[in-house]
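Counting along the sequence shown from 1, when you hit position 199 you're at 239 in the numbering used here, and nothing is skipped either side.
Source of the hints: derived by calculation from the structure; they are not laboratory data. Any given hint could be a false lead.
Stated by the list, open to error - Listed next, the in silico EDC-like pairs over lysine to aspartate or glutamate satisfying Cα-Cα at most 20 angstroms (straight line): (1) K345 with E235; (2) K345 with E225; (3) K372 with E362; (4) K118 with D174.
All of these numbers come straight from a predicted model, not from anything done at the bench.
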Amino acid sequence: MNTLLEVRSGPAYYACKANVLENLEVKLSKGNIRKVLVIHGRKSWEVTEPFFPSLENIETIFFTYGGECSDPEIERVKKAALEHGADALIGIGGGKLLDLAKSAGNSLQKEIILIPTLASTCAAWTPLSVIYDDNGSYVRYDIHEKGTWMLLIEPGILLNSPINYLRAGIGDTLAKWYEGNALAEKLATKSVCIELAHLAARQCQEVLLTYGEEALADLEKGKWTDALHRVIETNIITSGLVGGFGGQYLRVAGAHSIHNGMTSITQAHHLLHGEKVAYGILVQLVLEGKFSEIKQLLPIYQVLKLPMTLLDIGLTVEHKAELQQIAAHSVKEGEDIHLLFPDINKEKVEAAMENLEILTNHASPS
41 MNTLLEVRSG PAYYACKANV LENLEVKLSK GNIRKVLVIH GRKSWEVTEP
91 FFPSLENIET IFFTYGGECS DPEIERVKKA ALEHGADALI GIGGGKLLDL
141 AKSAGNSLQK EIILIPTLAS TCAAWTPLSV IYDDNGSYVR YDIHEKGTWM
191 LLIEPGILLN SPINYLRAGI GDTLAKWYEG NALAEKLATK SVCIELAHLA
241 ARQCQEVLLT YGEEALADLE KGKWTDALHR VIETNIITSG LVGGFGGQYL
291 RVAGAHSIHN GMTSITQAHH LLHGEKVAYG ILVQLVLEGK FSEIKQLLPI
341 YQVLKLPMTL LDIGLTVEHK AELQQIAAHS VKEGEDIHLL FPDINKEKVE
391 AAMENLEILT NHASPS
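Based on the provided sequences and hints, a complete structural model is requested.
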């Protein structure tokens, strides 16, 4: 395999510390920014407003997003930025909102500042946006030419985040190892950058299996601890480095394609991105025949409360039509599952989900 790739390592500036936003105006001014469009959701602004400084000499326009990173929503943001003459876009929120800010900012060639309110994906780090339709079904992902200018993490904001989003982040980030390692195993040789990405993927798994349970407990108590800090930065930074240095060779594979298939059914819409990906990891491992790894993971999934059965995703084995729909969407042309399994088809995916059900029901406590 040709391992020539383009590296987009991450933001130009990153900081995670208490009151990190206090110097925002100084940094914007140094970058000759005079007017900003602040993109936010209702809940994300509620938790961020107490920490967001008054920008005395920089005009600020606030924009409330509609809930999806979709093509129509990207156009709405671009229109608002152009109408107000914004020099930069500030995205405040979770993964979809940050992806929205990156898409609009890159299209307009404006500077982008991201302030995550959740640690549920690597969206704050990676120069990539996942695009959905307005109903929440996966469409594609876009890789941007330019990375984010600034990523600013305020611990006080993330301490107010719901625990299920951190849990979902753990699920999404665990996939960096199980997808990345499976892809790396297929490479005859690895460039230095791919080796770095592979090491980062391994680090994701090691940190999350070591500190994941403790971090979830600490967040529930509202305590900023070393374990919580490690897990948050692993979900955002280390996870982002896998795709940043590994590109298409280590970024995503089977687990994310299963996620994409799951977005096509309404029964799974209650699950967060990383929860769907976590289930996808297990399906991918069945397809690989790595049953010993599944047995190692199932007790961890139980402790972390990650989805591992059809019931967890809102289905049973009787939902044949839905299982077939997930399988069909996960193997569509262009899906990254084909990188791992060139001869994959919907029948194999459906069978893997049914086989996983047998394994997980056998592993579940009676």
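Results of checking the hints against the structure:
For a cut-off of 20 angstroms, the pair hint linking K345 to E235 is broken: about 31 angstroms separates their Cα positions. For a cut-off of 20 angstroms, the pair hint linking K345 to E225 is broken: about 29 angstroms separates their Cα positions. For the given pair, K372 sits about 16 angstroms from E362 by alpha-carbon distance, which is consistent with the 20 angstroms threshold. Of the pairs offered as hints, the one joining K118 and D174 holds, with about 17 angstroms between alpha carbons and a cut-off of 20 angstroms not exceeded.
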